[in-house]
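**Q** Residue numbers (this note's numbering), protein chains in the order written: chain A, 1 to 165; chain B, 1 to 374.
These aren't lab readings, by the way, just hints derived from the structure by calculation. Take these hints with a grain of salt, some might be off.
Said to hold, decoys possible - Dumping the calculated DSS-like pairs for lysine-lysine here, alpha-carbon to alpha-carbon at most 30 Å:
no.: 1; chain 1: A; residue 1: K27; chain 2: B; residue 2: K159
no.: 2; chain 1: A; residue 1: K46; chain 2: B; residue 2: K151
no.: 3; chain 1: B; residue 1: K105; chain 2: A; residue 2: K46
no.: 4; chain 1: A; residue 1: K27; chain 2: B; residue 2: K151
no.: 5; chain 1: B; residue 1: K177; chain 2: B; residue 2: K159
no.: 6; chain 1: B; residue 1: K240; chain 2: A; residue 2: K27
no.: 7; chain 1: A; residue 1: K118; chain 2: A; residue 2: K104
no.: 8; chain 1: A; residue 1: K46; chain 2: B; residue 2: K39
no.: 9; chain 1: A; residue 1: K27; chain 2: B; residue 2: K177
no.: 10; chain 1: A; residue 1: K55; chain 2: B; residue 2: K155
no.: 11; chain 1: B; residue 1: K256; chain 2: B; residue 2: K244
no.: 12; chain 1: B; residue 1: K105; chain 2: B; residue 2: K39
no.: 13; chain 1: A; residue 1: K27; chain 2: B; residue 2: K155
Now for the letters of each chain:
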Amino acid sequence: MELFTPDFGLVFWMFVAFGILFLALWKYAWPVILRSVDSRADLIDKGVEYAQDAKAQLDNARAEAESYLSEARRQQADILREADKMKTQIIEQARSAAQAEAQKVMDNAKLQIAQQQKEAQQHFRNQVSEFALDIAGKIVHNQMQQDASQKKLVESLLDQIDPAK
Amino acid sequence: MISRFKHIILLMLLAVVSVGVSASEPEKADSAEGKINPKEIIFGHLLDGYGWEVPFDHHHRIPLPVICYASDGFHCFSSARLDHGAVYRDGDCTFTIGGAESKYKGKLVEIVDGTEVRPWDFSITKNVCALFICILVVGGVMLWLASFLRKHPYKAPRKGLGAVEAVVTFVYDGVVKPILGPQARRFAPYLMTVFFFILVMNLLGLVVIFPGGANLTGNIAVTLVLSVCTFIATNFFGNKHYWKEIFWPDVPLWLKVPLPIMPVIEIFGMFTKPAALTVRLFANMMGGHMIVITLMLLIFIFSAMSPVAGGASTVVSLMFSIFMLLIDVLVSFIQAYVFTMLSTIFIGLAHEHEHEEDGHGEHSIGKEIVDTLV
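Here chain B stands alone, though its shape is the one from the complex (with noise of 0.2 Å):
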C-alpha cells in the first residue's frame, strides 16, 4: 500500500516538472515580445471579455456578438472582428477595443473624429455569456424539478432532482421559513432563485473551461443588481413600522428632534445593507478566482528565472490552488447561502411587527446576525 503510494508520489512529482519545463518553453518564446505581465493576465481573467477563450489556445477565443448603440444607431456583428486589436468599420462607424493606453481599456470603443467615444455597449460579453448558461441551467433545473413534482405529487425525487430538491428543502426550510414565517410563500419565490443563481454562477466560475470559467458573480454589475432586487423586495414591501423605525426611531427624544441624527443613520442604513450584500459576494468570489490565478501564475514566473524553481513551485502551486478551488466550492455555496439569508433577513426585518406574537424570537435571532454581520 506504502510502496503503491510513493509510486503514485513519484509519477506526479515526475509528470509535474515535466509539465514545468516545457511550459518554460513558450514562456521564453514569449519574453522575445516581453515578459510576461501578472497583472494583465490576472485582470484578463477576472474581468470580462469580447470572446471566450479556448482551452490550450491563446491566439483563438470563440468569438460573440457585439451589439451596440453608436453614433448612428445599433450595430451588431462578430466579435472576431476586433480580435488582436483589429480596426472593423461597420456601415459608417469605426469601433476598436480600448488598447492598454486607453481609458477604455479592453473595452468597446466608437472612434469618432480620431478620438475614442464609448458607445452603449449592450455586446453579448463573455460574462453575459455565461449569464445566458446559468439562467438556462437554473431555469431548466427548476423546470425540471417543478414538471416532475407536478407529475408525482407525494413523490420524493431520487438521484440528481432529489440532490437538488434537498438544496431548495435545506434552504426553504432552514432559512426562509423560519425568518419569514408566514411571509415565507410570498418572498421564497425570490429569495430561492436568487441562491441557485448565485450558487450555480459560483459554481460554473469555477469550470475552467467553456461552459463556465466567467468570473460572474465575482462581477460588480451582477452582485449590484443582485442587492438592488433585495432593495426593492425590502423597500417595497416594508410595512408601516418599518418606515416609522427608519424615520422615528424609539431613541430618546434628543436624537430626533433638533437635529435627525437616528433618522440618517437609519436611511444611511437602508443602503448600506445592499452595499454590504454587493461587496461581499463581489470581494469574495473575485478573491477565490484571484487566488487561484495567482499561484498559477507563479509557476510561470518562477520557471522563467530556472526550470528547477519552476519544477518545484509548480508542485506547490498546484496544490496549493487545488486547495483553494476545493475552497472555493465551500465558498461558493456558502456565499449563495450568505446572500440569501441576509436577504431574508432583510425583508423579514421590513416585516417585523406583522406577526409579534409568533415570530419573535426568531427576529431578535436575525436582528442579532445583521448586527455581526453588516
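Isolated chain A, as found in the complex (with noise of 0.2 Å):
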C-alpha cells in the first residue's frame, strides 16, 4: 500500500531539510535560548532568594530596633527613679547640711555673746575697783589734810618697819 511506503524523494528531502534546520539551530539558536532561559530562571531564583534574605534581615532589624527601643525605655523609667532618689537624697543632704551649719552658726553666735559677757563683766569690774580706788583715795587725802593724824600714821608705819624696836 503506498501509505506505508516511504517515498524516496520525500525521505531525501526530509533529511537534507531536518538536518539544516538541526544544524543552523543547534548552531545559532538553542544554545542561546537555553543558556539564556537558564539563567535568568537562575536569576529569579537568586532574586527570590535575595528578596527572602532582605525581608528577613528587615524584619531581624526591626525586632532589633523594637528590643532596641524598649531598652532604652527601660533604662530611661530607671534613670528617671534614680534621679528622683537622687533629688530627695540631694534635698535631704542639703537640709541636713543647712541644719548643720545653722547649729554651727547657732553655737559660734552662743559663744561670741558668752564671750563679749565675760568682757563686759570684767570691763565693768575693772571699772568699778577703778572708782573703788578713786573713792578710797579721796577718802584718804581728805583724812591726811590734819598733820597731827598724819604724824600719827607714819609714826605708827615707822614703828612697824624698825626691825629694832
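With the hints in hand, could you dock these two chains into one complex?
**A** And the structure:
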C-alpha cells in the first residue's frame, strides 16, 4: 500500500531539510535560548532568595530596633527613678547640711555672746575697782589734811618698819 | 439572549442547508463522468502530489518543480506539464504521472520502450514544499527568539515570542532536563528541534489552504527520518553500560548462554523503539486527517442521495469535523510532545549509569513510561 511505503524523494529532502534546520538551530539558536532561559531562571531564583533574605533581615532589624527601643525606655524609666531618688537624697542632704550649719552658726553666736558677756563683766569690774580706788584715794586725802593724824600714821608706819623696836 | 442564540442557530442551519443543496449541483455534473469515489479523494488528500491544490478550484494547481534523475541524467521541469495525465517530453526522455491502473499510481514515471520505469525522483512535491515552509517557519521563529534573547539577555519576551519561549521552557524544563539531567544541554538542541518541527508540521497540516494542508507528519517517510535520527542519537552516543545491557543483560545465565535469547530480544528492541515512534506519529496524524476528510465526504455522499439527507448530514458532518479538527490541534501538540519525550527517554536510557547517584529515580520513571507505551 502506498501509504506505508516511504517515498525516496521525500526521505531525501527530509534528511536534507531537517539536517539544515538542526544544524542551523544547533549553532545559532538553541545555545543562546537555553542559556538565557537557564540564566534568567537562575537570576529569578537568586532574586527571590535575595528578597527573602532582605525581608528576613528587615524583620530582624525591626525586631532589633524594637528591642533597643524597649531597652531605652526601660533605661529611661530607671534613670528617672534614679534621678528622683537622687533628688530626694540631695534635698535631704542639703537640709541636714543646712541644719548643721545653722547649729554651728548658733553655737558660734552663743560662744561670742558668752565671751562678750565675760568681757563686759571684766570691764565692769575694772571700772568698779577704779571707781573704788578713786573714792578710797579721795577719802584718804581728806583724812591726811590734818597734821596730827598724819604724824601719827607716819609714826605708826615707821614703827612697823623699824625692826629694832 | 436565548432568542439571539436561536437566531444564530437558525441562520447556521439555513446557510448549511443551502451549502448542501448547492454542493449537490456540481456533484450531479460530476456524476455524468462517474460517481464520486471516496477512496480516491481521501487518498488524494492523504498522499503526496506534484502540485498544490488551490482552494475552490479542482482544475488548477500551484505548479511545483519536478526534479528527477532519469535514464539520461537530471531533468527539471514544471509539474504543470504533467497535469491531468499529460505526457511530457523533456530532451530524450518521456515523463508522465502513473495512471489509476499503473503500478506507480500518482507518481512520476519515465516511459522507456512503452513500459513505465520509476526514475530517481527528487521532485519538490507538495510535501517537500510544505517541509520547506515548515523549516522556514521553525527556523525563522527560533532564530528570531535567539536574536531577541541575545539582544536582551535577562528580559522575558512578551506576546508571540513569549508564547514560543513558554513552549520552549515547557519542553526543556518539563521533559529534557528532568530526564537527561546533566546530559540535557548536550541533547536538547536535537530534541527541541524535533519538538518544534513536529509541532509546526502538525499544525500546518491542519490549515486547509495553501501554506498548510499537506499531510506531512502523516507521511511515513517523514516520521521514519525523524525516528532514524533518534535511533542515531540513542545508539551512537550510548555508553558502555547501554551496550552491556543489550549484549549481556543482567538476567539468569541460561537466558544468555546456549541460546542468546535476551540479547536477541534486546537487539530487536533497539529497532522496535524507533519503529514504534515512526508508526505512532504517522498513524495519529494520518488518522486525524482521514477522519476529517471522511466526515466532509459524507456530505457529498448523502447529497448524491437526496438534498434533505445532504442538508442534514452537512450539519452533523460540519459539527463533527470541527470537533475533530479541534481534537487534532490537541493531538498535534500531544504527538509532538510524546515523540520528544520518548526520544528523550531512549537517549536517557542509553546514558543511564553515568550519574547514578543523582538521577536514578527519574530514570526508573522513564523506564516505566517506556514499558507502558512501547
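**Q** All the hints need checking, so say for each whether the structure fits it.
**A** Comparing the hints with the structure gives:
no., hint, result
1, K27/A x K159/B, "holds (25 Å)"
2, K46/A x K151/B, "holds (22 Å)"
3, K105/B x K46/A, "violated (63 Å)"
4, K27/A x K151/B, "holds (17 Å)"
5, K177/B x K159/B, "holds (25 Å)"
6, K240/B x K27/A, "holds (28 Å)"
7, K118/A x K104/A, "holds (21 Å)"
8, K46/A x K39/B, "violated (61 Å)"
9, K27/A x K177/B, "holds (20 Å)"
10, K55/A x K155/B, "holds (25 Å)"
11, K256/B x K244/B, "holds (12 Å)"
12, K105/B x K39/B, "holds (14 Å)"
13, K27/A x K155/B, "holds (22 Å)"
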